[in-house]
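*Asks:* In order, the protein sequences belong to chains V, P, Z and E.
If you count by the numbering used here, then the first sequence holds residues 1 to 286, one letter each, in order.
If you count by the numbering used here, then the second sequence holds residues 1 to 258, one letter each, in order.
If you count by the numbering used here, then the third sequence holds residues 1 to 403, one letter each, in order.
If you count by the numbering used here, then the fourth sequence holds residues 1 to 213, one letter each, in order.
It should be emphasised that the hints constitute simulated quantities derived from the structure, not laboratory data.
None of these values were measured; they are calculated from a predicted model.
Keep in mind that the hints are not guaranteed to be accurate.
Calculated cross-link-like contacts (lysine-lysine; reagent style DSS-like; alpha-carbon spacing at most 30 Å) [said to hold, decoys possible]:
| no. | chain 1 | residue 1 | chain 2 | residue 2 |
| --- | --- | --- | --- | --- |
| 1 | P | Lys229 | P | Lys31 |
| 2 | E | Lys65 | Z | Lys320 |
| 3 | E | Lys101 | P | Lys61 |
| 4 | V | Lys169 | V | Lys87 |
| 5 | Z | Lys167 | P | Lys174 |
| 6 | E | Lys65 | P | Lys89 |
| 7 | Z | Lys230 | P | Lys178 |
| 8 | V | Lys90 | V | Lys149 |
| 9 | P | Lys31 | P | Lys248 |
| 10 | E | Lys101 | V | Lys149 |
| 11 | Z | Lys320 | E | Lys61 |
| 12 | Z | Lys320 | P | Lys90 |
| 13 | V | Lys117 | V | Lys149 |
| 14 | Z | Lys201 | Z | Lys230 |
| 15 | P | Lys248 | E | Lys61 |
| 16 | V | Lys90 | V | Lys169 |
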Amino acid sequence: MKLDTLVRFQNMDRRWIFLGMGLAIFLPMMFPITLPFKVDERVQALYDAVEEVPNGSTVFISADFGPSSRPELEPYFRATLHHLFRKDIKIVSATLWPSAPPLVVPIYEELAERYGKEYGRDWCFLGYKDGKELAIKSIGENIPNAFPKDHVGTPVGELEVMRGYQQAKDFPLIINVSGGAPGTREYVLQIQGQYDLKIASATTAVSGPDYIPFYKAGQLVGLAAGMPGSAHYEKLVFPDGPPEGVRLLATQAYNVLNVGHAFIILLIVAGNLAFFVTRRAEEQEA
Amino acid sequence: MSGIEIAGAWLSIFLTLCVLSFLYDDNPIYKLAEHIFLGVSIGYGVIEIYFGVFKPNLLDKLIDGTTAQQVLAVVPLVMIACLFAKLDKKRAWLARFPIAFIVAAFAGVKLTGQLNANLMTQVAESIPNIPEVWAEYGLWSWEADGAGVLSSIFLVIGLSACLLHFYFSAPQSKTMQKISRFGVLVLMLSFGASFGYTVMGRISLAIGRAQEMLGLDRPPEEVAVIHPKMATLICLVIVIGFLIAWRKRQGDGHEPAN
Amino acid sequence: MKRLLAPLLGLLLSLVAAPTLAATTLTATSPADSSGENLDIAWESSDAPAGWAVLRAKGAAAAAEDTWTVLKLLAPDARKLSDKVTTDVWTDPPADAYRYELIALSTVPDLQDVEDATALVRASGSVAATATGSPEGSWFRTGLALKNYGPMLMLLIILAVAGMMWKFTEDVRAGKEVFIRRIPGIDAIEEGIGRATEMGKPILYVPGIEELQDIQTIASMLILGQVAEKVAEYQSDIIVSCRVPIVREVADEVVRSGYFQAGYPEAYNPRNTRFVSSEQFAFCAGTNGFIYREQPATNIYLGRFFAESLILAETGFVNKSIQIAGTAEATQLPFFVASCDYTLIGEELFAVSAYLSRDPRLVSSLKASDWIKVFVVASILIGTVLATFGVPLVINLFSISGG
Amino acid sequence: MRSTLPLILTFVVGLFMVGEFFIPHWRYHMWTQVFLEWGFILAAAAYVLGLVNLVQVNLPKVINKEQDWPYKLIMLAAIATMMIPGFIGGETRLQDGQMYKWLFDFVFVPLDATMFALLAFYIASAAFRAFRARNLEATVLLAAAILVMLARVPIGENLPIIGTKLVQFMNWIMDVPNTAARRAIFIGSALGAVATGLRIILGIERSHLGTDG
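In isolation and in its complexed conformation, chain V is listed as follows (with noise of 0.2 Å):
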């Protein structure tokens, strides 16, 4: 090969690149492949967390995610409320992101349907509070006070599955899933140290590392992130396969994620193949 060919390879027109990733997206699509995967530890404790929860108690659900991280949550969003729903666990849900609502209520309805849960009293969606660590904090010390109604205009204090339940510590487990920011770092900096919370967490696959910390220091009682995290929960929430009108749609990104990974890996190594080679080359000419 020509060492003029490796230079331009190495300058290559970005969107010979482009073109590449676009084709690694779009075949894994239309022809899928399957590959055994094993459940990560942390999105284990996160199962079990939820295990560990009381039948019939209540828990708190943070949904906090819009359109462009709706991909990687809404499978886990949607597998987690299977979980709690088939456990009898009553959620209260609220959010901080604005965008939020008219993605999670449908969910909500149709998943609260299918396991005949009735609003009000199994669950409740408070809606959208604007304010991000503010209205964090307000929901460590009121929810009331935050929230003093839900998304369609229901005082609070009618809300049944709401008695007893006014600040954070009262439930025994919060799950918060969690786009961005404000999300799981604003919970547990804001409230998870000062009320001794039992948060868990489910991300995307950028804010991940970020809140492994916290996972590491006890501040997270399980985390799940990105699609992986999705997919593995997903394999938790139903280890025999999905049961009927219920798609996995994490666990199937999840295959075509692998080839969208080797090629930007095999991208790499062939850049820096090529850049060696040129180094050498101009060494030896120097």
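Got chain V; can you put chains P, Z and E on it based on the hints?
*Replies:* Then chains P, Z and E, alone, in the frame of chain V:
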């Protein structure tokens, strides 16, 4: 499914492809999508902030709040008036009061917030209990992802080295240079790992878009009326056709930025 | 006396309450370092009812117009409850005292859509114990009750930094020199401004995408002041692209004052300090547009960034701009490191304004943080040694909890 | 007065808010809460100024028919198209059948998500360009990235012999060196925040308050 929703689904696929055309180059069809996006998002932001903050926290309190709330709401009203004084050059200096207020209030509350969460807690968590780690994992345990005394010590030393790398007010001695270099290596290890970890999330986003374009995210009965694959194909032809025509009009002399 | 009273009291109780419930005791105590809105309710019991219910009423003594609220229904094995006595201190400030009733339920009632929950709960069981408690607000948080010295140490650190800033400033005034290590990323900012001037192209400044309440945004505003001053000196242009309107207003003030400091107040064009869009990716698309169409020679990204970091930096790279980034947002640092010419990591961002200005008072604050840094490193190392020998002193020193 | 009063205000408000942490009493917190709420209202009101700025920047371009003016016109029209149904819809604006909701679902959401999805492509090109083993630091960066990328997907996990070790080693990197680096960044930023906060409260940094006397 109503006709307007089907139209919406097609429009959304078309706009998706318009944005993706930016990968080829900045072009009129992308610019169109960009400016629609800007406009819609600004309108959205204004509406949501009005109904989310302005109305409940100010207007509602002024109109039907208790007396205490009404009195308290006057203060931000005055500050808003001062802020708007910016529009008049002669009185622009009045805006310094609300700016001073807001910067000071947030700086004050963040000062303790950061100190508490990012310094105190992190330091307290960084001190390992070595006898306990030894009893549980020994020197190094593969099963527990490398937990053990070695890792505990690495953590303490790595953290210290990274912190000392950020020491600004003394010339670096030979030893300090070595410590600092080690700190940088730990930082790079972390950055590389985070990068690799993130790749997945980013590809996931593109998968999400592809799932919509292929109609994989919808129940079959909706797919039957929307025909997302057909929509994708038609829009793709339109966008590519437009790009070719546009490139021709630009002439061959134009070298696209890559 | 006590010996005499106890059996008497027992006799009295056995007359009033059912004999099996005599073993239940209820307490309502105010937690340490509390805001005065909370009471910790706890009970001990050898009973095994179907469940517990806790009721609350205001005031220390019973009154005719008492209103009891059902706080919560709890599982048989529950033994405590943390009660928040008010949800709005403005309309319902905490009372001096509250009374509680613990009800041992024989059946667990369904309170959904029930008008008078108190009556239903009372009818579903019997009162097992009562207690009175006074919420006491604390005017100073010490953390000592829980052996957490964190709050005290925090106060000490704040005072120490302030004190050192004053001391080092005095030192500088007295002629002592303060050394600041070279930080290449910050030097690059000045070079970048010079380069843009030579090329006759503008400089793009993005102060992150966070709200003004973020300390990184505030730090970025302070840097912007220094940068604008330099830009004005060079008679170049600076475009500031903002996601948050209030940040734009502050940026406007900051850039204007930078131009004023440099002696060219009339050269400032407020239209170059722009509000783009409050939505993250729309902001990103708009800023991309600036990079593509106004061709800045130098892009400066300082503040808190999220996913848009890589889109901006890659667009800037294609545009062949010199790029300097700085953030304390750890998730985005890898992308800036990969795509920008210089990256300021974490704390370096907060050092920029001091470094650029060389104002002794600002520089002294860098030196003060350095001392705290040494203290932190020493604490971690000593703490590790001490903890190995079973002494958790340093851990307690940094622990903060309760509230 | 024009420059001293804002400094006094800064000092008093800043100190009061620092007290928020140290004084837990509700009688104190009811005021810190009010102060922060005022801050949020003020930030919200600034949207009006943001709109004014947008019009000031873009309208002259449309009137003078400067480069790209049709796009600027489209943008201004799009702002109105979103705002009018938003105000008309009021509290019900996000319910099905509202124009505001339709625009949100079919214009805003796909554009937002696709803009974000561009990252999948950019991350590939950035990795290709930046990850060259030029020196030790760059090599560490690139090795860690490749290792994690490989171990994160089933391909890596299913590699013969080294698969399991690979995943364990990746977890070690995330747990140990990554935690060390992140904590250092957190701690450093906290120190920076304290210094910056104090400089503002004590009036040493004042560029945000203007200087023209």
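*Asks:* Check the hint pairing Lys90 (chain V) with Lys149 (chain V) against an upper bound of 30 Å on the C-alpha distance.
*Replies:* 18 Å, holds
*Asks:* Does Lys248 (chain P) pair with Lys61 (chain E) here, judged by a C-alpha cut-off of 30 Å?
*Replies:* This hinted pair holds, its Cα atoms lying about 28 Å apart.
*Asks:* Has the given pair, Lys65 (chain E) with Lys320 (chain Z), been kept, meaning a C-alpha gap of at most 30 Å?
*Replies:* 29 Å, holds
*Asks:* Can the restraint linking Lys230 (chain Z) and Lys178 (chain P) be considered satisfied, given a maximum Cα separation of 30 Å?
*Replies:* At roughly 35 Å apart (the allowed maximum being 30 Å), Lys178 (chain P) and Lys230 (chain Z) break the hint.
*Asks:* Given the hint that Lys90 (chain V) pairs with Lys169 (chain V), test it: the Cα-Cα distance must not exceed 30 Å.
*Replies:* 16 Å, holds
*Asks:* Please verify whether Lys31 (chain P) and Lys248 (chain P) have alpha carbons no more than 30 Å apart.
*Replies:* 18 Å, holds
*Asks:* If you draw a straight line from the CA of Lys65 (chain E) to the CA of Lys89 (chain P), is it 30 Å or shorter?
*Replies:* 28 Å, holds
*Asks:* Checking one constraint from the list: CA of Lys101 (chain E) to CA of Lys61 (chain P), max 30 Å. Satisfied?
*Replies:* Holds, at roughly 27 Å.
*Asks:* Given the hint that Lys229 (chain P) pairs with Lys31 (chain P), test it: the Cα-Cα distance must not exceed 30 Å.
*Replies:* 25 Å, holds
*Asks:* Run the distance test for Lys320 (chain Z) versus Lys61 (chain E): straight-line Cα separation, threshold 30 Å.
*Replies:* 27 Å, holds
*Asks:* Are Lys169 (chain V) and Lys87 (chain V) close enough, with their CA atoms no more than 30 Å apart?
*Replies:* 21 Å, holds
*Asks:* Does Lys201 (chain Z) pair with Lys230 (chain Z) here, judged by a C-alpha cut-off of 30 Å?
*Replies:* 15 Å, holds
Figure legend: structure checked against the earlier numbered hints; hints not met, in rising order: 7 and 12.
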